[in-house]
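Enquirer: Spelled out, the chains give:
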Amino acid sequence: MTGRKALGTVVAAVCLALALDAAVSFLPENPYLRWRQLDGTIYGGLRWTFERIHFDLRPVDIAIVGASRTQLGLGAKMIEDRLQAKGQPVNVANFSLEAAGRNLHWAIVDELYKTKAPKIIVVGVDAKPYPYGHPAFKYVASTAAVVRPPEPFLHNYFYDLAYLPSRKVKTFVAQLFQDATGLGRRFDPEVYRNARTDFTSSFTAEGRFVDMDREVSRETLLAQTPPPSKPARVAHLLSWCCNEGDDHTYIREIARAAEAHGTKLVFVFLPAYGDPTEITDRKFLEQFGTIVDEFNLSKDSRLYENWSHLNHAGSVIASARLADAIAGQELSAEHSQGGAKTWPKQTCNPDDLVGATQLLHRALAKTLPVTVTLREARSDCSGHPPLDLTRTAAEACASGAAPK
Amino acid sequence: VSLTSPLFFLLLAPAGIAFYLVPGRFRALYLLAASYLFYASASRMYLALLLVASATSYALGLAIAKSKDDGRKSLLFFAGVVVIVAIVAVFKAAGAWKGLLLPLGISYYSFKLISYLIEVYWDENAAERDPVLFFLFPAFFPQIVSGPIQRGETFFAQMRDVMRRGADGAQIEMGFAFILGGLMLKMIIGDRLANFVDLVNNSPGEYDYSLILTAVVCYILQLFADFAGYTYIALGVGKIFGVEGPPNFNAPFVATNIQAFWRRWHMSLTLWLTDYLFTPLSMVFRNLGRIGIAIALTVNMVVLGLWHGFTPNFMVFGFIQALYLNVTVLALGWRARHRPKGGGQAADRWLSVAGAALTFALMTFSLTFFFSPTLGHALAIVSRLLGLASSGTVGWWDLGPDFAISIWICMAGSLFIGLGCPGMKGIFTRVDAVMPRWAQYGVGLFLWTVLFAEGSGQFIYGQF
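Quick note, the sequences are listed as chains A and B, same order.
Plus 2 on top of the position in the first sequence (first one is 1) and you've got our numbering.
Plus 1394 on top of the position in the second sequence (first one is 1) and you've got our numbering.
No lab work stands behind these hints, which were simulated from the structure alone.
Mixed in with the good hints, there may be bad ones.
Just a few of them, taken from the derived set where beta-carbon distance is under 8 Å, the chain A residues facing chain B [claimed, not checked]:
#1 THR4
#2 LEU18
#3 ALA147
#4 PHE160
#5 LEU163
Which chain A residues stay away from chain B? Per the calculated CB distances, all over 12 Å, these [said to hold, decoys possible]:
#6 LEU22
#7 GLY42
#8 ALA87
#9 THR145
#10 LEU185
#11 GLY186
#12 ASP190
#13 GLU217
#14 VAL218
#15 THR279
#16 ASP283
#17 PHE286
#18 GLU288
#19 HIS314
Counterexamples of contact, computed for chain B against chain A with all Cβ distances above 10 Å [to be verified]:
#20 SER1597
#21 VAL1611
#22 VAL1693
#23 TRP1701
#24 GLY1727
#25 ALA1783
#26 LYS1819
#27 VAL1828
#28 GLN1834
#29 TYR1835
#30 PHE1840
A virtual CB, placed ideally from N, CA and C, is assigned to each residue, including glycine.
Based on the provided sequences and hints, a complete structural model is requested.
Expert: As structure tokens, this is what we get:
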């Protein structure tokens, strides 16, 4: 056999494999399963994110997206209370998640607009933009979002694309054989109710207790601070030749979506300990929204749990200042009349509503400040067949009726 | 650049094509440059160490070959071996006691260089005079991460051959098949088992007896899938460049005793130790009879253990292997003397099955010391296995049925491959008749892309 024939065999094999990969990428996919793939990991909060967006009728007036700094540094409840005290009752949801990567924040915002109409989206930013994608993006992003990103050759593009066939097969099999794959598609109100969504007080993650009330000495914080890292050469090269990096690309996308839905963008900068107080791409961000960065926290070691994250005391200050910065803006004009009215008509899926009403009925009504009543929720779905309340939310999801 | 990373394969394809486009006489130089580039991408700092070790061995090899005086020859030889062993020992000690990361592939290229010096010491004609070819020998990038440990003589001959001829299509296709098989073994089976083993090994106190027992059994299967998978990839990449590396595994789980097991497991290392340590030691102690053999075996296996690292765990692992081997030698001798003449074949077959099961169990037990980070950790696991310490409460049910099923399937897969894939030859022959090779590879590649487990992608033997 000649070398050319061997090369032909290899090329043919690779082409066949790519064709089969492309074919499975067309398999249908239940989005709820996508967002549940990371259950039990540090990104397990994505399941709650989807459920908050799709199965919880309460509106989201202010949505926060960002990495762990905004996850630990901003308390949704604290912001709600502060704004309530100022006469602005709102629902705040903090969707921030461990690790940086702007594409995930865009995916969350994109999902959010399918059922909610937030007035403000708060985006956590760092002193320097992070040029890469988020490791969880490949799990939750739609096929189209993975295959056709807004700009070519983003740093994680091929890694995310390479995972797509595997994900498609996994979620497809999970759809066929419910629970046998460990990827259940039943919505469990108990799990939703018990999900940890506020990380401004002490918690345990990956077996490690994070004491948010502790104060760390200045020396310890300085010792923890890693040396500044340079972006990898490949990312640098790609940013130079083909795109602006994930951060700028997806901030543009978030801004575009926000503009289309009449949402204001607020960029919040929660610095690491000792961070410079200036954001390097201030001008870029100012094109799209307001920057809230005058916290002056980064010199006070008493406000930090570790070099990168605020502790509880720090989060109280940051949450209050953010609330003060956005107070007075039109946040939720119709809030007091019931959140169901902010639920866009096109997503008023009766099956979801069944799930949501069951959820409200069984789990949330007594424990969360729900402002919508079942009657209001039902009335907002007029024109749909009468609701069968014996069906469970799980059935709603299992029927494949989870919002598209 | 890892041997499983997409970037590696993206670069491998043009590198392989360019290799055959380069004029024959420059191919070794091209491969040397590629190998140093590969090494520098992982460990720029230690590239100098590789160069120093290579240059020392090259100079000493030529000096030994030239020397007419036996005393001077021995002096040069011992100086070379001492220098290389000292380099390895210093880094292994620093790794064990100071947590220093070992220079990439030091255990492998140092053994290659030592074997070269020994061969030249024994036969001056084995000396390689072409510096490019010689420097390529320890640095050859498919083998530098985790072997296999090839001998100089075969490597130089194969390189000379590939510098004279064009591309061998059959060899390249076989290389592709090896790479694909290795990727599937490592990333579908090995990494999935690794996730389970790591889970239990990180906090064994939390898990119940059945999970700890399964994790311990799982480790030998994971290690096999991981290391054999790596070896297939390394051999496959080598084939693309016209180099046939030595095999490292030969259906190790069919071994009916420990002696046979070590002839089938990490073969390039055990063969190296047999040739350059055990055999000379046996000669030295030949007057002591069985005791001499026992000493040689013990030293051999303890060195094998310490080759992995200067930690108490690996030493205990080595001593356990020495104990196993010495008992095996005695048992085999006893059996040969007491074996009834004309014994039944059925009895032999059952004995073989029992022997294979016992060998597997013994190796499984000893590997507890291999995969545990400390001796205390290993003893804690052993005490739980023996029922001397209480187990935790987390069981299979808590891990979820899907996790359990995938682990059991992967364990069965690794065991099946470790048994030499019985019956698969016939199936492949039938498939060959109805499906062209490219389609088989395509389907295999597709299966790999959808079934690979998300793991670290690191190779266990990469740390040695």
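Enquirer: Next step is simple, just say for each hint if it's right about the structure.
Expert: Status of the hints after comparison with the structure:
1. THR4: holds (5 Å)
2. LEU18: holds (3 Å)
3. ALA147: violated (20 Å)
4. PHE160: holds (6 Å)
5. LEU163: violated (10 Å)
6. LEU22: violated (4 Å)
7. GLY42: At roughly 9 Å from the nearest Cβ of chain B, A/GLY42 sits no farther out than 12 Å, so the non-interface label is violated.
8. ALA87: At about 44 Å from chain B, A/ALA87 clears the 12 Å cut-off, so the statement holds.
9. THR145: Label holds. Min Cβ-Cβ 15 Å, cutoff 12 Å.
10. LEU185: violated (8 Å)
11. GLY186: Since the minimum Cβ distance to chain B is about 10 Å, A/GLY186 lies within 12 Å and the statement is violated.
12. ASP190: About 14 Å separates A/ASP190 from the closest Cβ of chain B, which puts it past 12 Å; holds.
13. GLU217: At roughly 29 Å from the nearest Cβ of chain B, A/GLU217 sits farther out than 12 Å, so the non-interface label holds.
14. VAL218: holds (25 Å)
15. THR279: Given a closest Cβ separation of 36 Å, the condition holds.
16. ASP283: holds (29 Å)
17. PHE286: The claim holds: A/PHE286 sits with its nearest Cβ about 30 Å from chain B, beyond 12 Å.
18. GLU288: About 37 Å separates A/GLU288 from the closest Cβ of chain B, which puts it past 12 Å; holds.
19. HIS314: holds (28 Å)
20. SER1597: violated (7 Å)
21. VAL1611: Check passes; 22 Å lies beyond 10 Å.
22. VAL1693: Correct as stated: the minimum Cβ-Cβ distance to chain A is 42 Å, above 10 Å.
23. TRP1701: holds (34 Å)
24. GLY1727: Consistent with the label, B/GLY1727 stays out of reach of chain A, its closest Cβ about 49 Å off (over 10 Å).
25. ALA1783: holds (20 Å)
26. LYS1819: holds (21 Å)
27. VAL1828: Correct as stated: the minimum Cβ-Cβ distance to chain A is 16 Å, above 10 Å.
28. GLN1834: B/GLN1834 is in fact no farther than 10 Å from some Cβ atom of chain A, at 8 Å.
29. TYR1835: violated (4 Å)
30. PHE1840: Its Cβ does come within 10 Å of chain A, the nearest being 4 Å, so this is violated.
Violated hints for the displayed structure, listed by number in ascending order: 3, 5, 6, 7, 10, 11, 20, 28, 29 and 30.
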